Amino acid sequence: MIHYVVLRVVAKLLIPFILVFALYVQFHGDFGPGGGFQAGVIFAAAFILYGLIFGLEAAQRVAPPEVVRVLVAAGVLLFAGVGVATLLLGGNYLNYSVLSADPVHGQHLGILLIELGVGITVAAVMITIFFYFAGRTRS
Amino acid sequence: MAVVMLSGIYSLHSAVILLALDAVDVAFTEAAVGAGISTVLMLATLSLTGSTERERSGHTLIPVIVVVATGAALIYGTLDMPRFGDPDAPVHRHVAPRYIEDSPTEVGVPNMVTSVLASYRGYDTLGEVTVIFTAGVGVMLLLMRRRVKSGDGDSS
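Respectively, the protein sequence lines represent chains S and G.
Counting from 0, one number per residue, gives the positions in the first sequence under numbering that gives the first Met the number 0.
Counting from 0, one number per residue, gives the positions in the second sequence under numbering that gives the first Met the number 0.
Errors might be hidden in some of the hints.
Unchecked claim - If you only want the chain G side, here are some residues facing chain S, beta carbon under 8 Å, derived: (1) TYR9; (2) SER13; (3) VAL15; (4) PHE27; (5) ALA31; (6) THR38; (7) GLY57; (8) THR59; (9) VAL106; (10) THR113; (11) VAL115; (12) ALA117; (13) LEU125; (14) VAL130; (15) PHE132; (16) VAL138.
Don't read these hints as lab results, they were simulated from the structure.
The structure displayed is predicted, hence computed values, not measured ones.
We put the CB at the ideal spot given by N, CA and C, even for glycine.
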């Protein structure tokens with residue numbers, strides 16, 4: 000689809016907004032609608048759109064598969080790591096109140112971190128699945 | 000092809016319905032996953048598969064038995080569930096009122112969906128993320144190109 004000018008221009012215009020919207024959904028999830036899962040999917044959708052229009056190789060230059068593969072695990076580890084951190088600070092597993100002197104502030108911090116973990120894993124898994132589907136040739 | 004397109008449109012409509020029901024978080028997910036990514040993946044699958052089914056050999060009886068038994072067990076499990084939309088169902092009486100009353104002071108996050116998902120039910124969300132992780136690993140294992148071993152050709 001590299002030769003379709005309209006598609007290329009529209010995609011180039013849209014992708015920055017999709018990415019910014021994903022970040023907004025990610026970090027504003029405690030106040031407005033959204034959260035890690037939605038943000039991860041929207042973030043991945045931007046990369047998938049790029050891959051559809053400009054080809055798989057261009058998308059893999061932007062998001063190298065090795066890096067994405069590491070991120071798949073990194074998100075889960077971040078989530079579980081927050082749980083371990085709360086254990087070490089003397090609370091129950093995933094009880095974020097102990098993360099800060101002020102329990103409510105601790106809850107905020109914990110939710111921010113675990114939503115980030117969710118977002119990273121979801122985005123990385125979606126991008127990886129797309130890469131594997133798109134990279135497979137018909138047998 | 001038309002079916003894939005229709006299911007994408009259906010998902011988008013469902014997202015609008017969810018939006019009208021004030022479930023914005025779910026509507027987001029439906030629009031992004033249902034209308035966006037799964038449509039792309041379905042189209043990718045269509046382009047990878049042919050229009051005819053490969054002749055298959057061997058038994059199909061054991062898979063049928065497994066599927067029917069699992070389905071029967073699942074249906075049996077739904078028999079003692081409360082009626083759909085029952086206001087006295089445990090889900091509306093047990094912890095939901097406590098979350099609604101205490102969440103603003105305990106967690107202090109204005110979006111109660113986030114406070115329930117991320118804080119009160121953090122274990123469940125961790126489990127969900129692990130499921131997504133496992134799904135990703137599964138797709139990688141299934142679709143990974145097999146390494147060509149010393150000239151025995153590409154097997155796929």
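Tested hints:
| no. | hint | result |
| --- | --- | --- |
| 1 | TYR9 | violated (18 Å) |
| 2 | SER13 | violated (15 Å) |
| 3 | VAL15 | violated (15 Å) |
| 4 | PHE27 | holds (4 Å) |
| 5 | ALA31 | holds (4 Å) |
| 6 | THR38 | violated (10 Å) |
| 7 | GLY57 | violated (20 Å) |
| 8 | THR59 | violated (23 Å) |
| 9 | VAL106 | holds (5 Å) |
| 10 | THR113 | holds (5 Å) |
| 11 | VAL115 | violated (11 Å) |
| 12 | ALA117 | holds (4 Å) |
| 13 | LEU125 | holds (6 Å) |
| 14 | VAL130 | violated (10 Å) |
| 15 | PHE132 | holds (5 Å) |
| 16 | VAL138 | holds (5 Å) |
Figure legend: structure checked against the earlier numbered hints; hints not met, in rising order: 1, 2, 3, 6, 7, 8, 11, 14.
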